[in-house]
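Sequence order for the protein chains is A and B.
Sequential numbering of the first sequence, starting at 556, is according to my numbering.
Sequential numbering of the second sequence, starting at 689, is according to my numbering.
To be clear, the hints were calculated from the coordinates, so they are not data collected in a lab.
Hints may contain errors.
As the list claims (entries may be wrong) - Below, simulated EDC-like cross-link-like pairs (lysine to aspartate or glutamate); rule was C-alpha separation at most 20 angstroms, straight line:
#, chain 1, residue 1, chain 2, residue 2
1, B, Lys910, A, Asp677
2, B, Lys772, A, Asp817
3, B, Lys910, A, Asp817
4, B, Lys835, B, Asp1035
5, B, Lys962, A, Asp677
6, B, Lys1097, A, Glu682
7, B, Lys831, B, Asp847
8, B, Lys910, B, Asp894
What the hints assert, rightly or not - From the structure, some residues in chain B lie toward chain A, with a derived Cβ separation under 10 angstroms:
#, residue
9, Pro731
10, Gly896
11, Val900
12, Ala917
Positions of the beta carbon are idealized from the N, C-alpha and C atoms, including for glycine.
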Amino acid sequence: MSTLLDILVLGTLWGSLYTLISVGFTLIFGVAGIINLAHGAFYMLGAYLGYTFMSLLGIHVVLSAAMAIVGTSLAGAVVERLFIKPMRQNHAYVLLITLALALLFQEIMYVFFGPHGKAVQDFLTGELLLGNVRVTYQKLLTMVVSWISVAALWVFIKTTRTGKSISAVAQNLDAAVLVGIQPEKVYLLTMGISAALAGTAGVLIAPILEAVPGMWAFPLFKAFAVVIIGGLGSLEGAILSAMLLGYAETLVSRLVSANYPDMVYLVAIILILVLRPRGLMGRRAQ
Amino acid sequence: MKRKGFLTVLGMVFLLALSTQPSQAANRDFDKAKTIRIGSLGPVQLPQGQGIHNAAKMAVEEINEAGGIHGKKLELFVGDTEGKPEKGITAMKKLVLEDKVDVLIGCYSSGVALAIQPYLPQYQIVYMATGTASIDLTNNVKKEYEKYKYFFRNMINSDIRQQKWAAKFLVEFVHKKLGYKKIAILAENAKWVHQYAPALKKDLEDAGLEVVFYEMFDVDVKDFSPTFAAIRGKGAQWIAQIVSHAASIPLVKAWQDSQSAPMGLCDVQGMDSKFWEMTGGKCLGEITYNFIARAPLTEKTIPMWDKYVKLFGTNPVYTTGFTYDGVYMLAEVIRQKKSLKSKDIIDGLEKISYKGVLHPEIGFDKESHDLLEGRYVMPMVQWQEGGKQVVVWPEQFKTGDFTPPPWWKK
């Protein structure tokens, strides 16, 4: 019973986090058609900014987290304006420049903070006991904030005028332009939101793991797997596959070995590409 | 035109010959040498590398202050290995060919030392490894003595010496003294652990202990929560961690969050005096063997420790003591032999019995050039309240008692 609870709790934690990371990744792909390899770097930036504000400068936890998320969002907007906008239509260029930026961010962290991980204090201390399973408040907070963030994004896109303009650009760019939507503003906003989501994940995960240069590759790999399995550009697909993968990798870690969770992803990607290439909830190519 | 072509070919052959017969300084004539050059290898960005370079600097300065070797000063040159084999080779070549050092010392990571080792016969230069644990390095000397005789290691090999010490600690202290029988072994999947972990498991089982969980995890693993949940599920009473290259901070955090059994054996990052700060105090209760501690391992240990802290503003790390003793041993042999020839240095090191900061009689096995059995101590150090590092075993070096993690009830 406690094994099942372990898997449920930890699977929900990681599934929620992967959802938060992947939704941002798939959002910018769905709207602007770009694969942003710097997405993991925004996650890393969120973690390091959180560490700097909270642990180094001693700023209040909530304010530190908010500043880190806003800072990451601004970094995303700057990257979009300076590096992506000039060559947006050139996919190879976007791939290369975003990869280069991710590596640059990593080097910057290495120079400023050193090669070793930095521990970030928990936002909340204490734990909840579910039978024999301990869930720290930090993990609970991570799950709750992840879902609130995703839900807020959903409401924003579905109900607000600005959100609907994002949806319109994603569905039909020409029609969106005809009704007066300015796509450049939408791209900028979407990149800011996407980076903010990754930054939020980084801020939340740093107290559970650590802030360390090189941490950007792990979420990027997960986000890639999630969007391939869920369906490129599909928010619903990203949420579904992130949760499924969260549970699957926890199941394997808990019952088999901590060495094999990545194998789950690779097997799932191969299966989906062979059996359902458009992903779980992707649209069929026209 | 023909003549020009011939000269070009000749020039190329000459350049090629130069590149394969590099100019170097090892084996210089002692009397003609103005200074004695020591090359220190290690990753400058990592604490283990800083521990090597700082210790070498301190030893060199002390020897020079005491008059050098027969009036000749020691000069220190630093090579940055970055902890990577290919960078290690480049750093070693730079020290040998550009800085023209007489001997090499240092290195963190067995992978790096294994990459450097085949170049030693080419340059005929003696190399004292002070931060590498794989037994393959000294097995190479044993198997092909003539080729690898230039290699010595005054660090403690992981496969036999560290493993036997670990088994002794778990049987004598954890089992016999604390009364725990169910052990979990959680080891990273790295070169230095490949023989260590299975041999430890066997030794524990032979001694009547129960190994209820055994896993060698990939060094890239970041989330240890499911692993600790599984360990708890198996009813383990003690977790023997064997970690050097893996992510220690997430490991320790997940351990504390899971409130699993006490954890103590080897966590190389956990030997770092800044580990308390790095983990935000979550290492409270963790035990790791250290290779040096502020304890009277010999009468030289505490004075050296205090001076190091004063000079560098940080505690020595595991590579520090080996490097410090290593420089003194090399200097002692060069002094005795009044020679920089590798054959003389090798002969001197094979016969040496040196009173260092880590042991009163450091010496080498003549066949493998590994540290002699019994000539080492690995104090088991626990992180206690306020970030204090307390030696809890063996008895003769204790600086305090073992304290179980706050959540743990026997």
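Tested hints:
no., hint, result
1, Lys910/B / Asp677/A, "holds (17 angstroms)"
2, Lys772/B / Asp817/A, "violated (25 angstroms)"
3, Lys910/B / Asp817/A, "holds (12 angstroms)"
4, Lys835/B / Asp1035/B, "holds (15 angstroms)"
5, Lys962/B / Asp677/A, "holds (19 angstroms)"
6, Lys1097/B / Glu682/A, "holds (18 angstroms)"
7, Lys831/B / Asp847/B, "holds (17 angstroms)"
8, Lys910/B / Asp894/B, "violated (32 angstroms)"
9, Pro731, "holds (8 angstroms)"
10, Gly896, "violated (27 angstroms)"
11, Val900, "violated (15 angstroms)"
12, Ala917, "holds (4 angstroms)"
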